[in-house]
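Novice: The primary structure of each chain is shown beneath.
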Amino acid sequence: MDKRELYRFAKYALTRAISLIVVVVIAVYITILIANMGGYVDQIIKSEVRFNIGVEVNQNPAYKSLPPRAKGELIEKLYQKEIARLGLDKPFILRSYQYLIQALSLELGRALYLTSDTGSRSVRNIIIERLPVTVLLFTTINLILFFFSLFVGLYASRKYESKFDKIIVALSPLSSIPGWFYGIFLILVFASLLHVLPYGGLVDAPPPQDTLSYTLSVLKHMILPILSWLIGYSFIQIYVRRTFFLMFSNEDYVEMAKAKGLPPRIIERRYILRPTLPPIITDFALMLISSWMGAIITERVFNWPGIGTLFYMAASLLDSPVIIGEVVVYAYLLAITVFVLDIIYAAVDPRIRLGVT
Amino acid sequence: MSYRIKDQIKELFQYKYALIGIGILLVLIGISIYTVIAIPYHQATYLWRGGEGIWLDYPRNAMPSWINFFLPKKLPETIILDTQKTQKGVTKVIVPFGEQASKVRIELTFNYLYDDFPSEINLFYSAKYNVSSPHLTIYWIKPEGQRFKLRELTLRKNGAYYISNDGKLALNLQNYYSQKIGEEPNYVMSPEIGLFAVEDKSVSKLETATPLKGRYLMVIEGTLFEKNSDVNVKLVVYGKVYGAAGTDHLRRDLSIALLWGTPIALSFGVIAALSIAMIQIIIAAISAWFAGRVDFIVQKITEVNMILPFLPILIMISVFYSFSIWMLLVVVIALSIFGSGVKTYRAVFLQIKEFPYVEAAKAYGASSLRIVFLYIIPKVLPTIIPSLVLSVSDFVFLEAAMALLGLGDPVAPTWGKIIEDAYSTGALYKGYFYWVLEPSFLLILTALGFALLGFSLDKIFNPRLKER
Numbered sequence: 001m002d003k004r005e006l007y008r009f010a011k012y013a014l015t016r017a018i019s020l021i022v023v024v025v026i027a028v029y030i031t032i033l034i035a036n037m038g039g040y041v042d043q044i045i046k047s048e049v050r051f052n053i054g055v056e057v058n059q060n061p062a063y064k065s066l067p068p069r070a071k072g073e074l075i076e077k078l079y080q081k082e083i084a085r086l087g088l089d090k091p092f093i094l095r096s097y098q099y100l101i102q103a104l105s106l107e108l109g110r111a112l113y114l115t116s117d118t119g120s121r122s123v124r125n126i127i128i129e130r131l132p133v134t135v136l137l138f139t140t141i142n143l144i145l146f147f148f149s150l151f152v153g154l155y156a157s158r159k160y161e162s163k164f165d166k167i168i169v170a171l172s173p174l175s176s177i178p179g180w181f182y183g184i185f186l187i188l189v190f191a192s193l194l195h196v197l198p199y200g201g202l203v204d205a206p207p208p209q210d211t212l213s214y215t216l217s218v219l220k221h222m223i224l225p226i227l228s229w230l231i232g233y234s235f236i237q238i239y240v241r242r243t244f245f246l247m248f249s250n251e252d253y254v255e256m257a258k259a260k261g262l263p264p265r266i267i268e269r270r271y272i273l274r275p276t277l278p279p280i281i282t283d284f285a286l287m288l289i290s291s292w293m294g295a296i297i298t299e300r301v302f303n304w305p306g307i308g309t310l311f312y313m314a315a316s317l318l319d320s321p322v323i324i325g326e327v328v329v330y331a332y333l334l335a336i337t338v339f340v341l342d343i344i345y346a347a348v349d350p351r352i353r354l355g356v357t
Numbered sequence: 001m002s003y004r005i006k007d008q009i010k011e012l013f014q015y016k017y018a019l020i021g022i023g024i025l026l027v028l029i030g031i032s033i034y035t036v037i038a039i040p041y042h043q044a045t046y047l048w049r050g051g052e053g054i055w056l057d058y059p060r061n062a063m064p065s066w067i068n069f070f071l072p073k074k075l076p077e078t079i080i081l082d083t084q085k086t087q088k089g090v091t092k093v094i095v096p097f098g099e100q101a102s103k104v105r106i107e108l109t110f111n112y113l114y115d116d117f118p119s120e121i122n123l124f125y126s127a128k129y130n131v132s133s134p135h136l137t138i139y140w141i142k143p144e145g146q147r148f149k150l151r152e153l154t155l156r157k158n159g160a161y162y163i164s165n166d167g168k169l170a171l172n173l174q175n176y177y178s179q180k181i182g183e184e185p186n187y188v189m190s191p192e193i194g195l196f197a198v199e200d201k202s203v204s205k206l207e208t209a210t211p212l213k214g215r216y217l218m219v220i221e222g223t224l225f226e227k228n229s230d231v232n233v234k235l236v237v238y239g240k241v242y243g244a245a246g247t248d249h250l251r252r253d254l255s256i257a258l259l260w261g262t263p264i265a266l267s268f269g270v271i272a273a274l275s276i277a278m279i280q281i282i283i284a285a286i287s288a289w290f291a292g293r294v295d296f297i298v299q300k301i302t303e304v305n306m307i308l309p310f311l312p313i314l315i316m317i318s319v320f321y322s323f324s325i326w327m328l329l330v331v332v333i334a335l336s337i338f339g340s341g342v343k344t345y346r347a348v349f350l351q352i353k354e355f356p357y358v359e360a361a362k363a364y365g366a367s368s369l370r371i372v373f374l375y376i377i378p379k380v381l382p383t384i385i386p387s388l389v390l391s392v393s394d395f396v397f398l399e400a401a402m403a404l405l406g407l408g409d410p411v412a413p414t415w416g417k418i419i420e421d422a423y424s425t426g427a428l429y430k431g432y433f434y435w436v437l438e439p440s441f442l443l444i445l446t447a448l449g450f451a452l453l454g455f456s457l458d459k460i461f462n463p464r465l466k467e468r
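Residue numbers (my numbering), protein chains in the order written: chain A, 1 to 357; chain B, 1 to 468.
Hints are not guaranteed to be accurate.
[Unchecked claim] BS3-like cross-link-like pairs, simulated, lysine-lysine; straight-line CA separation at most 25 Å:
1) A:K11 with B:K300
2) B:K459 with A:K166
3) B:K16 with A:K166
4) B:K168 with B:K149
5) A:K166 with B:K10
6) B:K201 with B:K168
7) B:K430 with A:K220
8) B:K16 with A:K159
9) A:K163 with B:K459
In short, the hints are calculated from the structure, not lab data.
Isolated chain B (complex conformation) (with noise of 0.2 Å):
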């Protein structure tokens, strides 16, 4: 037996599909192993689940990086000036200036080489005072010198100025444009444009406006009435990429879905896979030993099932009692127990029961237990192996599909929640590609991988279709 085995393993070798099913497997539960180990689950969870608060410098709906490789016009990266970080580029100086006051000013520079523009800019303050509140000039200095007050500012202890936000900047920005280049643009253009555009004739259209690349520099001025008063700011110029998947609608990083995607989606088809084989087996092999009215009784809770859509009183079931992806698993194997596999199997052991072997077990005493369970089961495993192997992606896929419905498990991040917020957010509609390509991607090579393995072992272990 055991030389049958390790023969049938290098035979497995030869396979170049079968290797190439194993190795894309290998590289998906290493992935799995990293994943688990180097971002725990509850902070996987609570970074997926933690709202924007979390996600507040990271882009919306950005394109992974490494998109700019294979783009003419490069993307911006999100670029991040924080004056409570020493960091190039960022300035603060406090000037005393009388007894109580003193005068605040803050240069933060930044080079923008870019061909797009930037996707949003914020400004977030804080503040330390007790009765009278900072106040702050805020001025913006392009590349080639030209100087925009933006706003003035009284301060909170916290707070943010959404400089992409401010319509009445636009407008000023607008009618500056119309002044300078004879000609109204025929969009409404947003800060982010009009603060990094290139002040020629190509800013009137949408579509030709550029950016200037450059040294940008905004410069905040202004008054501190208390001794101890402090003032901190952080500009986020936010890009087009980010990181190795992007972000999606709530600016959320998709690397930490997509990679807790794949132990998730691994172990719920592998899981639930095996676990309806083994048990159908079982039942399967109980049936056809002893008959009878086991039979006719298993028999008829099979019919009863297959009469039952399986899909529909799974929706049904997760509707009612909403539940975790775990509870999930147990209900989908509830159901799938009595399924038609049971009908196969049960025909393969009713031939078994007739072997030579079987009577020989049975003349010599071997209790009915031993013999099913010793003697049957064993016999028809590696028939099944194949089969097995190639129902884990229709599971991985069933994860997938009632995460689309809106059903999956409420705080896991799995690749069928990425479809669904994308498909639910018309990222096919707006463009946004990646959005899906990504856990489509993964979803994909998990089928492929468990498919080419699967086939490949059909061939092996059901070697009747290879000489024809």
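Same shape as in the complex, but just chain A (with noise of 0.2 Å):
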């Protein structure tokens, strides 16, 4: 790259950043909006601060000889001035700028009923104590599902209009259902029928003392939601792949390689494989941060407390700083993981970084 080309490709970085940055700000902003228009968050947080004057009042001795009255007009009186120190007496339009620079520069803030297993009611500390888990579980699926897909998705192109890839074309329909519908059958032939694999949850009860065992302990809890996905989505992500590779293997260059006598293997590799990588990867990346959040339900199913059950946990306790303490997270990560394939395919590619499609 010369320097020209460098300062464009800054250039381009730069844009794609603020267009980025931009973009996230505003749905965090859409998020705050629709978590404080039902006056949820605003209530609950006037209701404990005047439950808590209430209680630090009629506990302090230097009141105990106040009149009934006087003591409610006390009690007004500090109300009053707590909610102007916190801010709640500005019109909401004002503190919701405040809430989305809080939430912006991850400043969580504090949830209202969660707790993490530490103790803390840090929405940042809870959000990272349940992260590693579901990352560990859906990083896993996905990776598996990619590899997968792919390998067969190659095989099924290379063998098109065989047995093979009239079968899996036959399965595809079962994609339509959802991978998390597929646990709940999986759950009852393994754990309620068999009794080999476990129901859900992410150990053994009580959990294993030395390294080795819990993480096999945890491995086994693995098994049915990885199969669950596997059922749901790779027959689906098979047939895009194969019909994808197809499309590919037609063009002339790859005719015409045919045509030089190149063996099939680097004709794939170099060929097909090579152009049609980027959406694939695209794809994959997207896949695997939505997994992250999206997986509300499988995590539900199958019991396992990571940020979905999390999220869900939140939902019906009506935690909202825990809910969009999630959704600023995620949406750092997916905005975070776009900018990266951008910056990546800018690099690699020439005509994005000049603009021309």
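Need the complex rebuilt from these two chains, each delivered in its own frame; the hints are there to steer you.
Specialist: The following block contains the structure:
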């Protein structure tokens, strides 16, 4: 890359970054608006403040001799002061900006009801504790799904119109049923009927002490979730990949390579896989990120204590700081992924960098 | 054009899969129409939300009746003997006795020919009196003549004797069997087992205990102390199977929710898929046609929408503003109209925009509106029909997923609700598989119907891949 190109590249990256930041800001702001429109957050905070002040005044020996009416007035006065301090007396529009700035700087505040396993009320701690559990399961699932469908898809496209290919095509309607739904059946068969695999959860209870058996126990608990997604999503993915490869294997340059007598392996690697890989990787990256968030139901079915279960719990407890916190973290992750992908493609593909499409 | 469509329909019928799909969908539509006519919606929700009062005569967690065809051991049906109905095996005699009082004798007989014990036995009664309430003694006589005194009852106006919950009776039965077979049963014997069991060694273990087949008799004798006093009883021997679909933990007949789930699922899925696709196409067409600033704004909104996680936002909205399934539908549509489909369609429209016939239309002065709605949009409609059909089941499952999270419609009986009930009461642990399998079967059927039709349509409308 010469200097001019580097300059162009930097300019492109900067524009993309700014555009994505704007998008994230708007998305987070919309989330805050939705989560506050019912007045839930404010009302809960207000009632909490009133309760706390009430308790404080009633327990303070200095106010013990006050008549009930004076006490009530005192509570009201302190309450108004505290509300003003918290900024709750200002109109919502003003405060929503404050929330936005807090959310964007990842000051996610404190949960209303939920706590982390270590007892922390901080939303950030709660999320950080749950995130690895989700990332572990769904990264594993997506990696297996990705490589499985890639290689089987390649194989099917090579064996186009064969029996194997036809079976793949015939099985693809199976994917109109989501993975979590197959999960219910897998639990029914392997846990309820055969008693060979656990119903759900992360580890056996009580958790094994040494690292090896702990790992094995976690792996055992991962089998059914992985299997449910494989049944649910692999056939359609294989089908999509196969179709994709078939389209590309009809390109003139592939015919040309064939005519030159190149071995099929090299044709596949150089002329089919390479040009199709960018969109496939984009697919994979986006699916991976969204699975960290969108697997709420799979986690619920398998009782997997990750970020999805956390979201579900927060939703049923109306714990809005946790809900908003998760959406913010997710928006950031997604935006960063999109940005990284954009940059990589721009670096690899000059057409994007130069704005030629 | 019409010739082409006719041709394509003809082609559709040549696909075996499409035929199966259409068949499945027709069956489901048939069920929906029947349900909407036979069980009005308000009645369905009343029954489904009515609490246990309505369902008192129904067994709890009973499997569907047809399961008996496949089982070597026949599971019992529910037996109801009611003195207020003229019924075989029910007699009630009241004989005056002195000035005011009268003697009453009620006999309830039934044949029990099943291979398993009933799940529960209850005796409901109602008595008519002013001051002195009737007094009754209840006896149970087994086919071989053994006679058990169950209890003496002083009646209230309305009430029930929950025989299965009678701890004293359970204890008496346990002692009776210990003496008779010289061995203490190794489990806590509930009355419905003790009152039906074959009285030999087999009763000592729960696994081997079997019910005695034959004619059972319940005798209720007693005194009415007032002249116009009357008493009526209803004996319910709850079975372990019920109806075509079985019952749930609240004794509700599952067939109501299974039936009503069909029209709800179909309309939810079809309306969501159809309206989202239509709105996305219109937005994409406008964006592509007008280009410039409109296009820029649409593109940015789409990007924001893609950063917002769909399911979490949906969950958040339905938690904060819990609402009915139709409101859910509106929110789902609202969240999806700027979905990724807009980008795909826009790319197609950008190509169509350059087609000569559009140029021609522009040249003779057709308005933008006319070109967008009459010339551009109709051009792509056939190609999007397959993905539209395929997306229906996504929305059907979305509804089920929301119900599974406890965020479904608070009143409407749906398939997802049944699964949620089953899941949260641990049906899979307890082995009530029918409870999960029935709604699941219908969900799968729906998904399969739309998938088979959709894939066949894809082959017809997008034939590029048919010949490779």
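Novice: Hint by hint, say whether it matches the structure.
Specialist: Verification of the hints:
About 19 Å separates the Cα atoms of A:K11 and B:K300, which keeps this hinted pair within 25 Å; it holds. Of the pairs offered as hints, the one joining B:K459 and A:K166 holds, with about 14 Å between alpha carbons and a cut-off of 25 Å not exceeded. This hinted pair checks out: B:K16 and A:K166 have alpha carbons roughly 14 Å apart, not beyond 25 Å. Of the supplied pair hints, the one linking B:K168 and B:K149 holds, its CA atoms being roughly 12 Å apart against a limit of 25 Å.
For a cut-off of 25 Å, the pair hint linking A:K166 to B:K10 stands: about 23 Å separates their Cα positions. Restraint check for B:K201 and B:K168: satisfied, since their Cα atoms lie roughly 23 Å apart, inside the 25 Å limit. For the hint linking B:K430 to A:K220, the alpha-carbon distance of about 22 Å falls within 25 Å, and the restraint holds. Distance hint between B:K16 and A:K159 is fulfilled; the C-alpha atoms sit about 23 Å from each other, no more than 25 Å.
Among the hinted pairs, A:K163 with B:K459 is consistent with the structure: their alpha-carbon atoms are about 18 Å apart, no more than 25 Å.
When each numbered hint is compared with the structure, no violation occurs for any of them.
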